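From first to last, the protein sequence lines stand for chains A and B. All residue numbers for the first sequence refer to the numbering used here, where the first residue is 1 and numbers rise by one. All residue numbers for the second sequence refer to the numbering used here, where the first residue is 1 and numbers rise by one.
Derived by calculation from the structure, the hints in this document are not laboratory data. It is possible that part of the hints are untrue.
Pairs count within a copy or across copies, as identical chains cannot be separated in the list.
Claimed, not checked - Here are the simulated BS3-like pairs of lysine-lysine, each with C-alpha atoms no more than 25 Å apart in a straight line:
| no. | residue 1 | residue 2 |
| --- | --- | --- |
| 1 | Lys299 | Lys180 |
| 2 | Lys157 | Lys180 |
| 3 | Lys154 | Lys299 |
| 4 | Lys154 | Lys180 |
| 5 | Lys41 | Lys157 |
| 6 | Lys180 | Lys41 |
| 7 | Lys154 | Lys33 |
| 8 | Lys157 | Lys299 |
| 9 | Lys157 | Lys33 |
| 10 | Lys33 | Lys299 |
| 11 | Lys299 | Lys184 |
Note that this is a predicted model, so its numbers are computed, not measured.
2 protein chains.
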Amino acid sequence: MPNNESLDFAGASCPIPISEYPCVLMAHGGGGKLSQHMIRKMFLSQFSSDLLQPLHDGAMFSIDGTRLAFSTDSYVISPIFFPGGTIGELAVNGTVNDLAMCGAAPLYLSAGFILEEGLPMDDLWRIVVSMQRAATRAGISLVTGDTKVVDRGKGDKIFINTSGIGRIAAGIDIHPRRAKPGDKIILSGRIAEHGIAIMSVREGLQFQTELTSDCAPLNGLVQVMLSVCPDIHVLRDPTRGGVASVLNEIAGEARVGMNIHQERIPLSEDVRGACELLGLDPLYVANEGKLLAFVPPEKADRVLMAMRQHEFGTHAVIIGDVTNDHPGIVTMRTTIGGTRVVDMISGEQLPRIC
Amino acid sequence: MPNNESLDFAGASCPIPISEYPCVLMAHGGGGKLSQHMIRKMFLSQFSSDLLQPLHDGAMFSIDGTRLAFSTDSYVISPIFFPGGTIGELAVNGTVNDLAMCGAAPLYLSAGFILEEGLPMDDLWRIVVSMQRAATRAGISLVTGDTKVVDRGKGDKIFINTSGIGRIAAGIDIHPRRAKPGDKIILSGRIAEHGIAIMSVREGLQFQTELTSDCAPLNGLVQVMLSVCPDIHVLRDPTRGGVASVLNEIAGEARVGMNIHQERIPLSEDVRGACELLGLDPLYVANEGKLLAFVPPEKADRVLMAMRQHEFGTHAVIIGDVTNDHPGIVTMRTTIGGTRVVDMISGEQLPRIC
Numbered sequence: 001m002p003n004n005e006s007l008d009f010a011g012a013s014c015p016i017p018i019s020e021y022p023c024v025l026m027a028h029g030g031g032g033k034l035s036q037h038m039i040r041k042m043f044l045s046q047f048s049s050d051l052l053q054p055l056h057d058g059a060m061f062s063i064d065g066t067r068l069a070f071s072t073d074s075y076v077i078s079p080i081f082f083p084g085g086t087i088g089e090l091a092v093n094g095t096v097n098d099l100a101m102c103g104a105a106p107l108y109l110s111a112g113f114i115l116e117e118g119l120p121m122d123d124l125w126r127i128v129v130s131m132q133r134a135a136t137r138a139g140i141s142l143v144t145g146d147t148k149v150v151d152r153g154k155g156d157k158i159f160i161n162t163s164g165i166g167r168i169a170a171g172i173d174i175h176p177r178r179a180k181p182g183d184k185i186i187l188s189g190r191i192a193e194h195g196i197a198i199m200s201v202r203e204g205l206q207f208q209t210e211l212t213s214d215c216a217p218l219n220g221l222v223q224v225m226l227s228v229c230p231d232i233h234v235l236r237d238p239t240r241g242g243v244a245s246v247l248n249e250i251a252g253e254a255r256v257g258m259n260i261h262q263e264r265i266p267l268s269e270d271v272r273g274a275c276e277l278l279g280l281d282p283l284y285v286a287n288e289g290k291l292l293a294f295v296p297p298e299k300a301d302r303v304l305m306a307m308r309q310h311e312f313g314t315h316a317v318i319i320g321d322v323t324n325d326h327p328g329i330v331t332m333r334t335t336i337g338g339t340r341v342v343d344m345i346s347g348e349q350l351p352r353i354c
Numbered sequence: 001m002p003n004n005e006s007l008d009f010a011g012a013s014c015p016i017p018i019s020e021y022p023c024v025l026m027a028h029g030g031g032g033k034l035s036q037h038m039i040r041k042m043f044l045s046q047f048s049s050d051l052l053q054p055l056h057d058g059a060m061f062s063i064d065g066t067r068l069a070f071s072t073d074s075y076v077i078s079p080i081f082f083p084g085g086t087i088g089e090l091a092v093n094g095t096v097n098d099l100a101m102c103g104a105a106p107l108y109l110s111a112g113f114i115l116e117e118g119l120p121m122d123d124l125w126r127i128v129v130s131m132q133r134a135a136t137r138a139g140i141s142l143v144t145g146d147t148k149v150v151d152r153g154k155g156d157k158i159f160i161n162t163s164g165i166g167r168i169a170a171g172i173d174i175h176p177r178r179a180k181p182g183d184k185i186i187l188s189g190r191i192a193e194h195g196i197a198i199m200s201v202r203e204g205l206q207f208q209t210e211l212t213s214d215c216a217p218l219n220g221l222v223q224v225m226l227s228v229c230p231d232i233h234v235l236r237d238p239t240r241g242g243v244a245s246v247l248n249e250i251a252g253e254a255r256v257g258m259n260i261h262q263e264r265i266p267l268s269e270d271v272r273g274a275c276e277l278l279g280l281d282p283l284y285v286a287n288e289g290k291l292l293a294f295v296p297p298e299k300a301d302r303v304l305m306a307m308r309q310h311e312f313g314t315h316a317v318i319i320g321d322v323t324n325d326h327p328g329i330v331t332m333r334t335t336i337g338g339t340r341v342v343d344m345i346s347g348e349q350l351p352r353i354c
């Protein structure tokens with residue numbers, strides 16, 4: 001290693017015990033406890049800023065009085081073409097949704113491509129076309145981009161980063177820590193469809209009907225919800241780590257408890273069957289077109305009715321509520337009548353799901 | 001391939017002839033003609049937007065009257081630690097500079113990490129620390145991030161995407177197409193230092209003095225320049241493809257000619273020697289802490305004097321001017337008295353330089 005001022009890290013030793021985790025593991029990218037641990041210890045200790053909200057889907061700030069949301073995500077999903085979408089559509093919808101979960105109207109997107117040498121040009125083309133289609137559907141513009149190429153064997157076909165900017169209207173204040181005892185927890189539709197679609201392709205499983213990803217832009221649904229209830233407390237899309245991990249994150253951030261009801265959680269028969277076959281708990285499986293909303297109880301029915309009128313909210317239901325009891329803990333009344341704690345995922349169930 | 005609505009690309013066939021380039025080549029990421037060709041044919045044909053300015057370093061737009069610049073870049077440099085910097089510092093400074101080249105004051109940055117399983121945790125830590133140091137030095141905040149992990153052999157240690165938002169002050173209008181006949185072309189300092197530092201590490205070369213990358217944030221220098229001349233026409237940092245490629249891009253975009261003088265181009269003796277040894281033309285080698293400015297002739301001396309007072313502009317010089325002759329062509333008066341055309345790089349000279 002050359003002598004180098006910028007490599008002088010005297011006084012700053014790695015906050016993750018080397019004896020415990022000397023190297024990055026797949027599980028550090030799984031969206032569960034290990035991910036959280038690395039993000040908190042490694043990134044938050046350095047990038048300290050009031051704006052850096054690790055448990056929110058984006059940063060929110062004002063420039064000259066204009067309230068903006070800003071979010072970034074890299075997409076490394078494998079396979080890059082899957083039932084219900086492409087890595088390109090996922091990259092557009094994923095960042096659109098992160099902005100929407102801040103209560104923002106998404107406006108502009110960037111796209112950064114890391115291509116592996118040897119990627120068929122026609123695959124790239126189909127991905128680019130699918131991105132433009134997704135952008136049009138979501139009503140946003142791709143305005144800036146970057147392309148890098150890495151040698152064969154140093155990447156995996158294509159990775160895409162999208163970052164986005166959205167505008168937050170006056171009066172909107174959505175944040176995980178605003179979950180309040182009494183709030184109703186609304187889930188917008190059937191869960192686990194994205195993760196199970198990916199797994200079924202990887203495992204070569206066949207079902208009666210094809211399992212397709214729920215990959216979709218949620219900004220339109222959010223606008224409808226905000227129009228009937230500007231005071232939505234929390235919005236989150238349960239991607240990596242699924243519904244269970246997201247509820248746990250919010251419970252921890254807001255220091256509240258939650259009770260949910262297993263029999264209310266919408267799940268298609270095919271996805272239920274696939275989960276049993278694969279030994280997966282659908283509560284931990286990734287979604288790419290669903291959201292969780294925490295709303296004041298007196299507004300819950302209005303929000304629910306509005307959601308059910310929207311193409312991406314037809315199966316919306318109230319799955320539970322927020323409580324003063326057991327802060328930081330999510331419990332679930334099971335279909336057989338018992339109650340169990342729903343913990344956060346520890347490592348990761350499905351690598352490279354997004 | 002499963003039957004899938006989103007994979008139906010009827011009517012849209014790949015605009016890059018498959019017979020010519022069936023697959024992505026390293027050269028498609030080199031910043032030269034092949035990169036340009038792919039970007040124009042592939043991305044611009046789809047992502048058509050007035051805001052998408054392929055030859056600018058970022059997009060510029062207004063939200064509620066606030067003028068903003070937005071830029072993205074992915075960094076895949078190898079090695080990740082090099083004389084004069086780390087991939088993390090490069091990622092911060094690179095996007096800060098892209099915003100500065102739009103005439104914007106950089107404010108907020110995102111960071112998206114793609115980690116290869118097995119990356120030593122301590123390497124990640126040193127990169128994170130170096131990013132925070134670079135952010136502090138540039139006066140910007142890292143406000144949102146994302147971490148993904150890919151399996152061993154499907155990435156290369158670490159790739160970082162940074163995207164950034166900056167504010168553009170009233171009266172600033174910087175754009176490649178504003179290069180005008182008569183403009184003076186100012187180069188902020190010695191060239192080719194980044195590319196040669198990387199190559200010397202890769203090739204194990206030893207020199208009298210260590211060759212270090214010029215990786216630096218240029219937003220402070222740009223502010224100084226704009227304070228003495230708000231009417232700067234063009235700013236660009238000559239990264240991939242070097243000074244020659246950037247001048248060619250601007251000449252093409254503005255449909256003007258340029259004449260530069262070889263003997264005026266600042267170059268250290270060590271870098272000159274390394275270039276000769278490696279058979280590289282310094283005009284095509286990447287810089288990460290230099291800029292080119294096109295300024296009205298009557299303001300050139302004032303801008304130059306202001307630049308020389310700044311730590312990153314001490315060697316600033318006027319290297320040539322813009323002409324009505326030979327639009328789209330850059331010519332150079334050589335040290336031996338001849339004149340030659342300086343073409344754009346075709347493929348790429350140094351892979352994974354940023």
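Okay, the hints, checked on the actual structure:
For the identical chains of this complex, Lys299 and Lys180 are intra-copy neighbours only, at 14 Å inside a copy versus 60 Å across copies, given an alpha-carbon limit of 25 Å. For the homomeric pair Lys157 and Lys180, neither the shortest alpha-carbon distance inside one copy (44 Å) nor that between copies (42 Å) is at most 25 Å. In this assembly of identical chains, Lys154 and Lys299 lie within 25 Å of each other by CA distance neither inside one copy nor across copies; the values are 51 Å within and 47 Å between. Taking the shortest Cα distances, Lys154 and Lys180 never come within 25 Å of each other, neither inside one copy (47 Å) nor across copies (43 Å).
Proximity of Lys41 to Lys157 under the C-alpha cut-off of 25 Å is restricted to the inter-copy arrangement: shortest distance 20 Å between copies versus 31 Å within a copy. For a Cα distance limit of 25 Å, the shortest separation of Lys180 from Lys41 qualifies neither inside one copy, at 27 Å, nor across copies, at 51 Å. Taking the shortest alpha-carbon separations for Lys154 and Lys33, only the inter-copy value of 24 Å comes in at or below 25 Å, while the best intra-copy value is 28 Å. Taking the shortest alpha-carbon separations for Lys157 and Lys299, neither the intra-copy value of 46 Å nor the inter-copy value of 49 Å comes in at or below 25 Å.
Proximity of Lys157 and Lys33 under a CA criterion of 25 Å is satisfied inter-copy only: 22 Å between copies versus 29 Å inside one chain copy. For the identical chains of this complex, Lys33 and Lys299 are neighbours neither inside a copy (33 Å) nor across copies (58 Å), given an alpha-carbon limit of 25 Å. When the C-alpha separation of Lys299 and Lys184 is checked against a cutoff of 25 Å, the pair qualifies only within one copy, where the shortest distance is 9 Å, while the shortest distance between copies is 64 Å.
Hint compliance for this structure: hints 2, 3, 4, 6, 8, 10 are broken, all remaining hints hold.
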